[in-house]
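Undergrad: What follows is the residue order along each chain.
Number of protein chains: 2
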Amino acid sequence: MPPKPLDYESINENVKKAQYAVRGELYLRATELQKEGKKIIFTNVGNPHALGQKPLTFPRQVVALCQAPFLLDDPNVGLLFPADAIARAKQYLSITSGGLGAYSDSRGIPGVRKEVAEFIQRRDGYPRYISSPYSLFFLTLHCVNLFKRVLSLVSNLLDKVINYFILYFSDPELIYLTDGASKAVMQTLNTIIKGEGDGIMVPVPQYPLYSATIALLGGTLVPYYLEETANWGLDTNELRKSITEGRRKGLNVKAMVIINPGNPTGQCLSAENLREVLQFCYDENLVLLGDEVYQTNIYQDERPFISSKKVLMDIGPPLSKEVQLVSFHSVSKGFLGECGQRGGYFEMTNIPPETVDEIYKVASISLSPNVPAQIFMGLMVNPPKPGDISYDQFFRESKGILESLRRRARIMTDGFNSCRNVVCNFTEGAMYSFPQVRLPPKALEAAKQAGKVADVFYCLKLLEATGISTVPGSGFGQKDGVFHLRTTILPAEEEMPAIMDSFKKFNDEFMEQYEDHRGYSRL
Amino acid sequence: MPPKPLDYESINENVKKAQYAVRGELYLRATELQKEGKKIIFTNVGNPHALGQKPLTFPRQVVALCQAPFLLDDPNVGLLFPADAIARAKQYLSITSGGLGAYSDSRGIPGVRKEVAEFIQRRDGYPRYISSPYSLFFLTLHCVNLFKRVLSLVSNLLDKVINYFILYFSDPELIYLTDGASKAVMQTLNTIIKGEGDGIMVPVPQYPLYSATIALLGGTLVPYYLEETANWGLDTNELRKSITEGRRKGLNVKAMVIINPGNPTGQCLSAENLREVLQFCYDENLVLLGDEVYQTNIYQDERPFISSKKVLMDIGPPLSKEVQLVSFHSVSKGFLGECGQRGGYFEMTNIPPETVDEIYKVASISLSPNVPAQIFMGLMVNPPKPGDISYDQFFRESKGILESLRRRARIMTDGFNSCRNVVCNFTEGAMYSFPQVRLPPKALEAAKQAGKVADVFYCLKLLEATGISTVPGSGFGQKDGVFHLRTTILPAEEEMPAIMDSFKKFNDEFMEQYEDHRGYSRL
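One line per chain: the protein sequences are A and B, in this order.
Residue 223 in the numbering used here sits at position 223 of the first sequence; the count goes up by one each step and never skips.
Residue 1379 in the numbering used here sits at position 379 of the second sequence; the count goes up by one each step and never skips.
Excised from the complex, chain A in its bound form (with noise of 0.2 Å):
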């Protein structure tokens, strides 16, 4: 009998060829595990509210009240809702047509967008919808803009005459609202990716949706490596020898991933280093796509988070005009944590009209994002201001968490480095530590022997004996002969020294175990 279409021998190559580790071999032991009763702590994955975070009450009564509107006739409403959440969602039930229960534009609420657009504004210092040295003229401009409303008769002229000129520095229309960020992240390469001949820099070691969705796509990945003794930094001359060994083997080098606030590394990209990134994908004809999905999680003071857009907005031309850029951001991670909701928006910087419209058509083929985390997203970008009644709460438990945080990085990265043949570079944005574990020649053999790769092996014994769940960091590539492990630093602050310890015990029960006078692995 021939093999149906859904049998394992007929389905899609590229498929089988994608691989998840996140939620790999180590997740599905660790779900085995649970379910015969083991306390598991689950640390694979950047998902703070399951390990206790609790939820910020504003934008939670925001969207309670937007999902029972009926509420908002209710008398006793107030007894239970402040004034300024029950205000926000009148507000935003008069701009989503039908409620949530409504599809929404296939590219996200307008008036969503516009309230990221107004952020991103913020965020990078350059004032709304206006971008330019040459400020006077612009701002004349930006009144044309004005009284080109009025005079619908001539808009259409007027619209050309000022797409000429301006520059919008953020524009809702460039900017799409998804199901989180690895949405976003997909669309956009399944835009760029042909087939196997087009190739995608991606930093090694990697978040491993990027690795995945290549191989989906039947793209390839072109790796450049991060600089673990330089604190996992981003070396230019490192991404000429990455192109040149791409472009070698024959591939059209299309686009180059940064990840910043690095995951799984951690570390944080100065100015400066943004302006070289932009400046070789200027030189090299690269889009650049920027996961800046931890931008709030940041745990030092030396390198504050920089958006690859404002640097390149501050380069000005010829690049501000012409390095194509995609940049995303997620309501799950910084102190929201919304994982569930699943938001998420990608703007777009010097996309063409006609990309962008294709962009768009394929967004509709799903018709919408979910409307809720839409205005999870709304209420990220804009939170509660001083003065608001809310504004107290909102401040303290957005602070509590990004404070317990950073404790929480010093916490795990210190226990890293107290363990023996583990050392771990300080995790100073994002929200994992990424310690490589110098494994004896004896434990390598034993891997061999269990059919593991190394640090598979050293991650389930961990799973076993301590009920910690990590990822091993072969699943975010690295380079050969060294090994690491992702943790996230998501713990409750007060079991931390705890698992630490517990850490511990393990490693260094395991390292004498497999002591070995050959020494260990190591770059």
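Quick caveat, the hints were computed from the structure, so don't treat them as lab data.
Here are the simulated distance ranges between beta carbons:
(1) B:1028 with A:17: 31 to 39 Å
(2) B:1304 with A:195: 45 to 53 Å
(3) B:1028 with A:74: 38 to 46 Å
(4) A:316 with B:1504: 55 to 63 Å
(5) B:1229 with A:7: 35 to 43 Å
(6) B:1070 with A:70: 17 to 25 Å
(7) B:1031 with A:407: 43 to 51 Å
(8) B:1465 with A:140: 37 to 45 Å
(9) A:423 with B:1157: 38 to 46 Å
Here are some chain A residues the structure puts well away from chain B; computed CB gaps all over 10 Å:
(10) 146
(11) 270
(12) 410
(13) 421
(14) 453
(15) 494
For lysine to aspartate or glutamate, the following EDC-like pairs were computed, each having C-alpha atoms within a straight-line distance of at most 16 Å:
(16) A:54 with B:1073
(17) A:16 with B:1358
(18) B:1361 with A:13
(19) B:1194 with A:196
(20) A:194 with B:1009
Cβ coordinates follow ideal geometry from the N, Cα and C atoms, glycine included.
Add chain B to chain A, keeping to what the hints say.
TA: Just chain B now, kept in the frame of chain A:
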């Protein structure tokens, strides 16, 4: 200067090829007109809440409480929420580790998937977890299954024995929750399609999700035509003709789509018809994709909805154990109409475990479907029961919506049939009318001069004259030389007569204007 990677000429050709008329030229023009201040009646997409349908109270109460769990500790909560909504919210929060803000398992929350499985079993009349003519034998196996849990030492061995014999009717492990049924269809087709040599049989007229997704994935659509003169019936001779034609072109025809009730065509398939389809899939080694998102939207009593799964199980072996079937459902349709929440599921039947694992892996790449919509799915398949506090209200609200839709289906079909040169089959189910508009040669020539497909020309004129935004038949596919349009039956019932009058006035004037002694387009 060479084109950049996101310039139009560089991007993925499959992205350009995909067409999605539901939000195509007509929709874009309607949006423009709306911006200019014209009142638009958006009947282009099945989006009930956008046209004034109120959300059901109970599901919204439960989800609002899940979004704002702190309300559950508030002594005043009982003033705004009934006790059964409070209890249900607590129950959902108890099965989501971390509430709505945490990623769920990539397949959806296990407890909700169990609710879906139980719904399918109730709907299709098979007992929970067990399905076989030899029920005593299988009941014994079921007891073994329970006993197995105690004997964890031998569980792996027993697992294998049980899985060898038992045929689960609906198994939560084979039900995956998704961000809407569209995403479920896209993921399934992505698993099946390797390249342009792969053919997917799709009814014509079809919902363009199918043509767009197949184009996006680089596969080939193999059309089979529904018979308009037989109320859009599905004829197996046509299926054989279609597959023969596909194979003659060298295609590997792998799957067949049915949409039941039909979109855009509104017909309901009989059990006999479904048996023929399943036999055809068995004979020709095709996966059947059963798009059943309109299963609650039935407006006649002669042909109630019957699922492909039930018919397959009723047929019995060998078909019931061999035919690969994927069925789709959604929270966006029925009486819930929660489009903006983006919730759906797919159920896999006779798909081997290795393929199920691959589908799970791909689902993991985007982490999890949005969690609030998973709760809506739970509430849809497991609504309040007689005796519950909220039962009467839930029953009244949902019955009111369905009865009104039934009346609107009738008003609309009758309205179309009263127009000059328009004929329309009765909308037996789903949410659409799909009238044939017989255009005189003069109108065809005018369309040609305007550079438009004839039905696009007609629909644009309709839009400009009346504000009614429809989708031209060419967006769904139709036989050469005949023309249709699709409209939803969703405008508010009280507005329906005025809308149909406005349509009739436009149409009859249009036909007057292009009157032609040479007759009109028709089959």
